[in-house]
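Since chain A is already given, all that's left is putting chain B on it; use the hints.
Chains as they are written, first to last, in this note's numbering: chain A, 1 to 325; chain B, 326 to 620.
Simulated from the structure, these hints should not be mistaken for lab results.
What you are looking at is a predicted structure, and each value in this text was computed from that prediction instead of being measured.
Any given hint might turn out to be false.
Unchecked claim - Here are the simulated PhoX-like pairs of lysine-lysine, each with C-alpha atoms no more than 25 Å apart in a straight line:
{"hint": "1", "chain 1": "B", "residue 1": "Lys-417", "chain 2": "A", "residue 2": "Lys-110"}
{"hint": "2", "chain 1": "B", "residue 1": "Lys-420", "chain 2": "A", "residue 2": "Lys-110"}
{"hint": "3", "chain 1": "B", "residue 1": "Lys-445", "chain 2": "B", "residue 2": "Lys-592"}
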Amino acid sequence: MITEEKRQIFIFLIFALALLAAPVFFRESYLLTVLVFIGIHTMLAVALNLLMGYAGQISLGHAAFFGLGAYLSGILTTRFGLDPWLVIILAALCAAVVAFVIGFPILKLKGHYLAMATLGFGIIIYIVFNETVDWTGGPSGLSSIPSLQIGTIIFDSDLYNYYLVWIITLCVMLLSINLSQSRIGRALRAVHDSEVAARVMGINAWFLKVQIFTVSAFISAVAGSLYAHALTFISPASFGFNFSVELVTMVVVGGLGSIYGSFLGAAILTVLPEFLRVFEDFDVVIYGLLLIIMNMFMPGGLISGLEMLAQKVVLKIKKKRHADA
Amino acid sequence: MDDNYRQLFQYILSGLANGSIYALIGFGFAIIHNATGIINFAQGEFVMLGGMLTLFFLVFCGFPLAPSIILSVLIATLIGISFERLAIRPLKNAKPIRLIIITIGASIFIRGAAMLVWGKDTHALPAFSGTDPLYLAGATIMPQHLWIFGITLLVIFFSRIFFNHSIIGKAMRACAYNAQAASLVGIDVKIMVMISFAISAAIGSLAGIIIAPLTMTSYDVGIMLGLKGFCAVIIGGMSSGLGTVMGGLLLGLLEALGAGFISASYKDAIAFIILLLILFLRPQGLFGAKETERV
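Looking at chain A on its own, in the form it has when it is part of the complex:
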């Protein structure tokens, strides 16, 4: 008998091996670039999913934490010459502290008010990126951010970046899958289903939400730092309200609470614009439609939606066989 835990480990191992082997088949540099971005987006979607899927709290400002990571990495390495690896940790800690501090007042709010407050926070940070021109370079961006380096290996090619990004992303995914099966994960689900009931059971719902918000911000900032070093150029446009919405779309398309779903959502939303480039500007309309349609017909996301569809088909076939026999 295979236990649930073993099954989970098995699935994860297959997933991880497939990804680590992928560059053997995708030698073409363009595809690898896309895969690097899918990795970064997966990390972000998983981070947001911790908050949205596990704890049931929305954030419309998560691009801000992504941006904090990217800009801190960019500024501290180009202007102060600090060690990039050290800066990644520093930047992530900074974003976590910011999240922790604003988390207390912000996560007291619920539903629509929480959405608006996180949105407001995201826009304030976005305006700061744009206006502190001396530090961030303003709207024209910050360039010549150094590539990461371990010993003599410089992460300036797509292949190196692919492995760097994906190894960290896989760690984040493993951590999140683990988390959902821990005491904290169960407590989060309880808060998700009914905050009042969870509080009655002795869960400090408020503090728990702040904690998960902080963890989520930490991961998002790491993704931001990796993004900055991989691209060597950043500008505020990548960290605005639209990107926050795009992240929410990834999580919703993949399915709230589903870690592999977040990967799927991130992959779809990263690849989609590449295809839609032919019909320039169409992507925004499609995102909007996707959000509406997914919400109305597949509220559990693609993975659970497809599972349900498959079950229905299997059931029909069985019925038919039954009728034939």
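Chain B only, in chain A's frame:
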């Protein structure tokens, strides 16, 4: 008159004009929120639609001003009604997170469609009655400012009459207090929700039309205007109509004075800092009564 004073007066005037717009947009938020408990993230897009549709009829189709405005408000209202019918009603008992996402989806969809239809350019709508400034006590007033103040006052006046004295308005308020009880006394709650979307789309688009000559219009003006309207209604408190007006005017003034005397580049940040402060310190708004939390 001293130059500084003249400047101050100018800031106050434009602050009040923008504030009136925020108040109108905030009204739209409050009407839908009171009827359904939803914050409609697509509210700003109706403001954008108002401006862009009027521009389209006026400049591209060559219609006169009044019919253009009426047509635009009608079309925006129809879009509001179909939005409710197609996306909101099927989900009526969903969790807030789904409703938030669906209104955001609608908002990007409308914005994207507007961009495809009208392009990305920024346009100026001609002022309703010329741009010759009027002089009042040494300061200049644009005729468009007077239009904004006048129309805002009219909208506030009529909505007060509507909600306090007409049977539909009273029925809508009954739904806001308790939808189940309202349906027990024979009020069709679904229709009331639909009317709330219609009114809020109409007021939003009207706001977009009267501000367009002052601030220019393009497919993406809806985000900021919508958010600031929300900010107005949060300052004033969802439950208080007059509070929303005060909230809008206060926001407009603070923004104009902040942009004038502190920093113009942080003008937009001012609104959001106020929004966060109010949400943190007094979520029921400055003028609203405290809502009890229902489990």
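If you check each hint against the structure, which ones fail? The structure conflicts with no hint, since it agrees with every one listed earlier.
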